[in-house]
Amino acid sequence: MGFPHPSHPSETPLLSEHFGNPAARSLTTWRSLGGYQALERALGMEPSAIVAIVKESGLRGRGGAGFPTGMKWSFMKPGDGKPHYLCCNADESEPGTFKDREIMRWTPHALIEGCAIGAYAIGAETCYIYIRGEFTEPLRAMDAAVREAYAAGILGANAMGTGKRVDVHVHKGAGAYICGEETALMNSLEGRRGNPRIKPPFPAVAGLFGKPTTINNVETLAAVPHILNRGAEWYKSMSLSSPKSAGTKLFSVCGNVAKPGNYEVVLGFPFKDFLYDVCGGPLPGRTFKAVIPGGSSVPIQTMAEAEATRMDYEGFVEQGSMLGSGGVIVFDDDQCMVKLIARLARFYAHESCAQCTQCREGTAWVTRILERIEAGGGTMDDLDTLLNLSENMTGKTICVLSDSCAAPVVSGIQKFRDEFEAHITGKRCPMGARAAA
Amino acid sequence: MADASLVTLTIEGRQVAVPAGTSILEAAKTAGVLIPHYCYHPGLPVAGVCRMCLVEVEKAPKLAPACATAVAEGQVVHVHSEKSLEARKGVLEFLLINHPLDCPICDQAGECELQDYTYREGRAHGRLKEPKRFNPAEDFGGDVLYVTNRCILCTRCVRFMDDVAHDPVLNVSERGDRAVIGKFEGRDLTHPWAGNVIDLCPVGALVSKDFLNKARAWELDRTPSICPNCSQGCNAILETRDNMVVRMRPRPNGDVNQYFLCDHGRLNYRWMNRTDRVEAPLVRQGDRLAAADWDRALHAAGMLLNGKRVHALVSPMLSNESLYLLSELVEQTGGRGTFRVERGAEAPLPGVPDLALRAERAANVRGAEMLGFEKSDTPLAGLQPDEVLLVAGDDLHDLDADTLASASAIIVLGPTLPEVARTAAVVLPTTNMAEEEGTFTNLRGRVQRYMQAKAPPGMARPVWWAAGDLLTLLGGRGGYFLASEAFGALAGARPEFAGMTYDTLGLRGQMLSGDAESAGVAR
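Protein sequences, first through last, are from chains A and B.
Using our numbering, the first residue of the first sequence is number 185, and each one after it goes up by one.
Using our numbering, the first residue of the second sequence is number 2, and each one after it goes up by one.
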């Protein structure tokens, strides 16, 4: 993995400020940069006061769902005599998303500090950081940082000398996309097959090992020390739009774009400026055709939709998609949408945990139809079948993997129907050899 | 009943009140509404994975899985609304795309929930244009064959082995549509209760090797019965075709066996089909046994018994009715009665309290003991020359002719004539338990009925019938024409059975008075 690009003037580097600085990984440097001051302060506060600040800041979950973090924390009821757990979801597996990877790679102590504050705030003595198995380098960085933090007395039975216990454990996943779903993550942590659980009960009632549990994304927890250091008002003020969307957000940009990479902007940033200015626009001689703005699970946007989008939770919804994880996948005029959607469907078919009928059978069936269309063997009624199957796969299963497979299929057929029809009438992929593999 | 913990809701327009915490699916049953389902089974933990039981709950944003959704006050549930029907149709189509349409050669056909619901609610034509997925069948060990292609991954079998048998041998292997039920390396379905996965499987994926290709489900006659193969008294169904028992399966009874039957019990039915039967009464004429009619044979037996004491060697596989009238016969002659029991290893089903394949491998040990028969490993010890040996049901294995010879005469009441009893004076052909109706008393004191599943051969009659007539000949009170009458006599004579009739027993049984109801499952 290489070094990140220099910051663009339109960015607001908060979490990404030290990306590319290997020294920031060490505890000494991190402390000199102001690290662990927020934790020290937090451990002297009432947990409920921390929850109140986070609530006030408007911080929302950065993993995809956008649930208000402070409210999630307030579901935990400390002092009921049970063990409580905080799980940090570092299983970043959503295709097109690689922001948490960079946080853990460059600033592991930022995450540890966020985890420790979060754990303390919800009355949990133990936090598990569940890291995607393929993340070897972030795993090494996190392991080393956790060891440093224990050695320095930041974590453990007497965290920062306050007499309060905060334990952080790093757990390596085994390479299943579905383990990023919070209840599957808990099953996996418990040593079970990573199958999502039926809700209710919700994790805050019966989560990891059946005990009250909160699951937060890496980026969410990494933002918490900044909020404690500089105040809820400051964080909330970092928004160009809706008061419902506050703070900065990391966007991972990949695909047919001049400058792929991670970019941190305040929420509400114009997506058009982001794509054409911050990310450098399309490759020479090409034009943008479509964008998946929030990881592979969200609906595809046409460029007209993308260019009208405000980059916040509500803005993406208004333009036919979702903010999701912030994984921006850009396609230019050289790409075949059918091939792309078939590839996405194949991913979901491969990763379906196989519990729910619609998902197990539907994802695979949809994939086979799409691949047949791409190969020139489709018929017009296949499109109706795809839309009907997608309907049957949406909103009917334990988790949303099935819905995630259906979303790009439906949006793809709706927005790029001409490409599907060209495959069917021409009995071959019109992009032909031009389409990149 | 105004109970605060009752929740009132409306299902398909019918109002029901059920205890809080009940699932919509179970609540619907009380309203007489069957919500189609595959993965849900009342004897297993809820999985909520087949998504077949999705129902429309008014004011809820999405369809709810009825098995995993608790009832709520005032809920209005639609099971057959267009939305629910469409969802089920979708599930059925998904389940069928890779399911081989091999119903004509599938043992489950006719009792297959996939077949039933597809006929009722599924699409007339499939839309799959691709070839179906193929996975070879696999021998799971024990009596279980896994026909992988038919599997709908409901995971009932996995949950049974994990949570009920506590022997986690099965799993879901792989992901997506490559998923199959897997067996852990080097392990087999050899748990003594593993055969239940066959009954639990809602389709033809787990089939019985014993029953394989034996009969079509619709050719079978089904009779409520009691498994006679140990003293637990599991409720069972005897399935017959053309007067042959071809399969035994569990019949639910929450007080005894829940939904389960052990492999020893279910596979041990061939003796009911024995063909080496005595079909007519036999009376000794010189050195040979000659066929006779019942009146002559009973008269001959009566003559032998007259003025003699009876040593009755009975079988603990006989009904309460038979044992009662035999005990009266013993009392009438001032004799005695003994029996012996085949024993084997006890094998509990850990997930169900007080359910086990019991060490005593006979259905009515408790009844025999209670009716005054003495359990002994040497049941003929002390047989006196002035005693008439009356063998009722015991097959005399491991007993030698010399021991028998010390009796003044031998009368055999049995389905077959054992070789060592060729010296008998009278042989009365009797029915086995599949050929009669009657009751057994299980080890906890539960008296349970079984029905007649097949016709007896030739002139064979129940032991209680013959014993009652012998009793009459000796001046006692007998002569019953119906099993219910014989049971009535028992209930009138023995305080433990007081008040019981076949009607009060029903199909779930009743505890002997003095044996608390709690002695059933709770103990």
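Calculated from the structure, these hints are not laboratory results.
Ideal placement from N, C-alpha and C gives every residue a C-beta, glycine not left out.
Be careful, since some hints might not be right.
[As the list claims (entries may be wrong)] Derived Cβ-Cβ restraints for the label pairs, each shown as a range: (1) A:K383 x B:Y120: 55 to 65 Å; (2) A:D518 x B:R128: 30 to 40 Å; (3) B:G345 x A:G263: 51 to 61 Å; (4) B:K63 x A:R601: 36 to 46 Å; (5) B:A71 x A:G579: 54 to 64 Å.
[Stated by the list, open to error] Covered stretches of chain B, as calculated for chain A (at least 3 residues, CB under 8 Å): (6) 44-53; (7) 58-70; (8) 84-96; (9) 169-175.
Going through the hints against the structure:
1. A:K383 x B:Y120: 55 to 65 Å: The hint (55 to 65 Å, Cβ to Cβ) is violated, given that K383 (chain A) and Y120 (chain B) are roughly 34 Å apart.
2. A:D518 x B:R128: 30 to 40 Å: Once the Cβ atoms are compared, 33 Å apart, the range 30 to 40 Å for R128 (chain B) and D518 (chain A) holds.
3. B:G345 x A:G263: 51 to 61 Å: Hint holds: Cβ distance 55 Å, inside 51 to 61 Å.
4. B:K63 x A:R601: 36 to 46 Å: violated, 28 Å
5. B:A71 x A:G579: 54 to 64 Å: violated, 20 Å
6. 44-53: holds (count 7)
7. 58-70: holds (count 4)
8. 84-96: Result for this restraint: holds, n = 7.
9. 169-175: holds (count 3)
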